[in-house]
Amino acid sequence: MPNILIIFSLLTPFIGAFVLTQPWLPEKKQREKWIMGSVLLTSLITLALVIFPPANPLKLFKLTSHLTLAFHVDGLSRIFALLVALLWPLTTLYAFDYMQHEGGERRFFGFFLVAYGIVLGIAFAATMVTLYLFFELLTLATLPLVMHKMDDKARFAGFRYLLYSMIGAALGLMSVIFLSAYSDTDYFIIGGILNQSRVLGMENILQGIFAVSFFGFGVKAALFPGYAWLPIASVAPTPVTALLHAVAVVKAGVFACIRLVYYGFGTEFLIGSFAQDITMIATVITIVFGSVMALRSDHFKRRLAYSTISNLSYIMFGVTLMTEAGLQAASLHMLYHGVIKITLFFCVGAVYAKTGWEYISRLSGLGSKMPITFATFTLASLALMGIPPLPGFWSKFALGKAAVELGTKIGYFGLAAIMLSALLTALYQMSVVLQVYFPTEVQPGDLSQPRTTHRQQKSPRYLMRIARAAQSGLLESKRMNLVLLILSLMILLMGFTDGPIEKWFNTILTMP
Amino acid sequence: MKIFKGRFFQNLIMWVNGDTEHFLPPADTKMMESPKVPSVTQTLRPLPTKDEVFLGSFTGLSIFLVIGLVSILLLTTYNLPLFGDPDNPVVNEVIKRYVEKGVEETGAINVVAGMILDYRAFDTLGEASVLLLAGTSVMMLLLKDIKNTDPEDDQIAAYEMEIEERNRDLILQKITMILLPAIILYGIYVVINGHLSPGGGFSGGAILGAGLILYASAFGTNEVRKIFTMKTFKILTTSALMTYAICKTYVFLLGANGIDTRIPLGTPGAIFSSGLIFVLDVCVGIIVACTMYGFYSIFTTGEI
Amino acid sequence: MLPLHYNIPAISILACLISGIVIPLLPSERAALRLNLTVSGFVAFLSAILLYKVVPNNEYFVYTMGSFPAPWGNELAVGPLEALMAFVFGLVTFLSLAGGVQTLFHDILPGKRNFFFTMLNMLLASLLAMTYTNDLFTSYVFIEISTLAACAIVVARDTPKTIGSTIRYLALSLLGSGLFLIGVVLLYCITGHLLMPHLQMQILRLIATGKYAMPITLIAGLLFVGIAIKSALFPFGTWLPMAHGGATTTSSAILSGLVLKGYIMLLVKIFYRIFTIDLIRSLHVTDVMYVCGLIGMIYGSIEAYREEHIKRMLAHSSMAQIGYIFMGLGLDVNLGIAAAFLQIVVHAFVKPLLFLSAGRLSEIYNHEKSSYRLRGSAHKDWVAGIGFTLGSLSMVGIPLLGGFLAKYYLIEAAMQNPYKLWPALFTLMISAVMNALYYIPGVIAIWTRSELSTANPVEHNIGFTWIAAPVLSIAVVFLGVNGTYVMEIIQRGLALL
Amino acid sequence: MNNLLKTMINDRFMIAAVLLFGFGFMNLLLQKNLIRKIISFNIMESSIFLFLASQGYINGRIAPIIVDGILDADVYINPIPSGLVLTGIVVSVSVTAFFLALTVRLYNIYKTVDFDEIMLLVNKEAE
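Residue numbers (numbering that gives the first Met the number 0), protein chains in the order written: chain F, 0 to 511; chain V, 0 to 303; chain Z, 0 to 496; chain B, 0 to 126.
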């Protein structure tokens, strides 16, 4: 594969978004075709790159002698790009139906496409400064998506998101600069790029910088002190919450942390240092904290957001193990959790789009009305809890194994936290499933008077659709169902083919 | 937001209209009633309360700052070279050349004139531009336009002018008639003797300007306007400055490139000597005189 | 005979002065405008040639004004850094004028526009003179010219608010130039010279003999404080937001973008060419600069965050950026000074871009200035919208734009001085986050559609849309991508200074 | 002590200049009346000129205007400070004029010359 293809995969979504913002496509159908076309084309190019990675990095230009803007497809990029390229078209398909009742589709899909290009940029970044550039751009591109509704709540969420992300990026910038100052090359190499002779005597400072930047990039991955934006940002439309806050944005944070640990500072330099301890403790805290908060919250999306926080820290825990097994387990969980969590969010979105309900306690008995949605939900919940042979089990297993192999105290603590969190996951996920299929004393919601936002109530078309759906007894739309089915198939498939996947990961991650 | 507009002369007019009416004939009451003078107390905005003003919040700081600065400066003065000591660091080769070769190189008997107009002429060019800038900025602020005048004010001004015209001070006028020629002559003397004796363009120009101001205050600006209008002002000032700048450009550029630019210097001590310095002195004199009078006229009437 | 390009500095200063003098005689303001544009473009063009000639050969030359050499006559001293600054000054003046002329004609009364153009030319002349001069007293004279001209172009708008802010600006400026003058006088007393190389010689001799140690400290302090007041360093910069925020767009752009930088250029020249940078460091002047710069960064950012009036917000942000520059100068490493100059150059392009775009946006929205009321304005003139966005992103520090590179070099410089690294690093981070918090919401606001954004199309502004905004935007991107070239020029220039 | 006194008497112009400077500076900061502020500014500038001019004087020498063709540097005082003072005076006059013009405009608008009051009123002014 010629490496110039990377540029095409990055530019296609931008071009798509540009055309979309122009008044050239007046018809809704045309627009949908155009969007889907751009997304599919990008995914195809990306998949081609993932399967046949180009050998040489693509160098664009040098900012300074230490800062180069360059792209490369290595093992980790391939995993992340695969995840993104698989899930983005599905989300697009899902969003067509979902966004009908939100409005502002042109703007939404414009930024949606741009965000795709930027996430791919993060995936293919070959140097720290490229990563940082796309990291910043990701914040800027997703901010309008978070603030989509432009009401007070959305604006507050957007401001919070901006604040946290900018602090994170600023802290991350430190490592960009320090890495460029203390290394000879700035291309990522597994094992780290620090020049050991120059580091001598500066170890503590550099490890401190590492810890600070880890927390900085970790803000996007909702690591402990910087998690607060994620639950609030769930005011965004569900495709955004699902894709950006369960997959793209948060996984980009994790991805950046992996780059920082394994490809930037290097495990050899960090392992056993105080920086490892601090970061690992933070991940352990986040694992437990996220699960507990998820159990506490009644808001459906927020519960999943807290669950995301907890699960992301599984990955981060794997990252902070700083062993090869840790990296492998982390990337495995990155892939599996991405698929599982997006499925869960889509189920929530389906419920919200059709009924307008946000709280779990109101969902009693909805299972029969939305059979496919909740079947998928149950499957995904089981996978998230870690029931073998579903994928969640394998990744947690790998994580646990890696932790035991490391053999430090905090490692065992982490293992315990994962166990505890698995239990809590069972509690908070199964309570929903039970609520849905076996209604409690609380009356099931009155379908003829859905709880909706002000704007939706005004739309007669929406009310009519609700009424018709209530008559027929089914509340699901075809395209959404299709997406959910594809995703559940993927979950099952991944569960059964875990062996080959792990082997593939092993080969590509150890490849230079 | 210009509800409270008014003029600087309101106080004057109130005094004019007041009880102690000593120079208007009592029969002429019509003129007194025509303009409506707003009372100053009405136009004042309500004073801000104490809380809003940070009155005196910086007083202590300022006093502390000033006392500190002054004591440091006094200490420094103690450490500085002694007053009037011939061995001071300032007495060095720079002065030696100015004094010993000045006449030969610049043709000016007055070493200071030679220094500011030839050796360090770039500074002086800047200085002349400052004058132009000051004139321009004052005109920018005070020349009459729709923003800083209103019809009522114009009425008041016309009224005031009327009073002034009628009550020209005879003593002042007579004295002016005697003094003015002498002042103007003296000013011209100082200007064109700048390279020979103390004085020069700046001082001479100031004297000329003062003469013009005296004339204007004795006979009214309208009288001056017969010979000296806005147009004259602009043309005189800019062309003098222009001459100055072009002469200096010529000298700077050619001099720097090592081409001999020497205008014939003439006999040192004669009036028409010292080359460009004489011309420059005259230019500076014109600029200063015009600017001085310009300030006076704009400040009093808002136009030249 | 000198090489021809040696004449460029003198020619550019004199051209500006002479055109400033001619303008009152011109019949119409259009002619004045054209003359002004021509002169500033001419200066930029000549300076570019000078830059092209000077940089490859590492030339640093002294140009006598007139036929009298060093200690007797006035001199200009020119090197790569000076040429670069002159180029920036000329170019940005040209662009600010071209871009803001429509607002200018709205803000200033017909009879007084020619005065404004005179001021503008004089301001450019004074900036060039401050950059090039090799003579301390000349720099004082031109500081005064720039003070008067700067105040005048603020007050040209002639609203009660601008007059009030100008009087404050003038009072503080006079304080600054008074202190500067005392410094010059004292320096003359102990050395007997006014030209920089000779001053340096004398000062080094005095330092070696240990004489007048205390006056030298005081002089360094006075010169620094005098200039710091004028360049709006933190505790002295309170005059800036009102004056810069209230002026007409062109004035704001030039004042924020250039005038402050002219003083800093002069300060650096004084430090290098009179005191030598080692002496300044041993006198702890750099420490003061460093601390004031840090506080200024935070203070300016906080004030900008609290401000709603869009131009005053930009002015507050200028104060923060001045803090960056002084922090860089105060880092005690040579790279820090170079980084500060890169920041100067970047800010000289970014801030006018922001001011002009904001001015254009408010112009198409009935001259509204509150950032809330500008909602959706970018849809009416997307060039202005993109200009504002680019400028904001550069301020936030997105890679590929100028602001990032300046920040990068500042941190890299800070890394060379372990004692000053951490405060600098954290303050930079805080300031960057604050920048994002007040610029990004503004960007989102102007791009969010509102009722006004679909109203009638607006009249075109050719100067802004086709000249100022594109060139400034390209400059910002160019500095972000190829900033190393500029950095190289700066470092060469500093080495020769 | 004697030495200090001697120096003080010898440097009387400089000391007077510094004291005047302090006086002007303090008034510039503390006076509320704009006209008084301008006057104090002028005092401040004049004190600097006094200082500068006093630096030019050398005991027993005469003004630098060549008399009888004597071209000896030991006869005349230092001409440079005189030239600098001249420049300084012109600058100070110009600035004073501008300052006064601003004051006049502000007085016309607000009917007061109290600086604090003016600043308050200006701050309240709508854009």
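These aren't lab readings, by the way, just hints derived from the structure by calculation.
In this text the structure is predicted, and so the values were computed from the model without any measurement.
Wrong hints could be hidden among the right ones.
Unchecked claim - A few chain V residues facing chain Z, derived, Cβ under 8 Å:
id	residue
1	D122
2	L132
3	T260
Using N, Cα and C, we set each Cβ at its ideal position, and we do this for glycine too.
Checked hints:
1. D122: 5 Å, holds
2. L132: 5 Å, holds
3. T260: Hint holds; V/T260 Cβ to chain Z Cβ min 7 Å, cut 8 Å.
In summary, the structure agrees with every hint in the numbered list given earlier.
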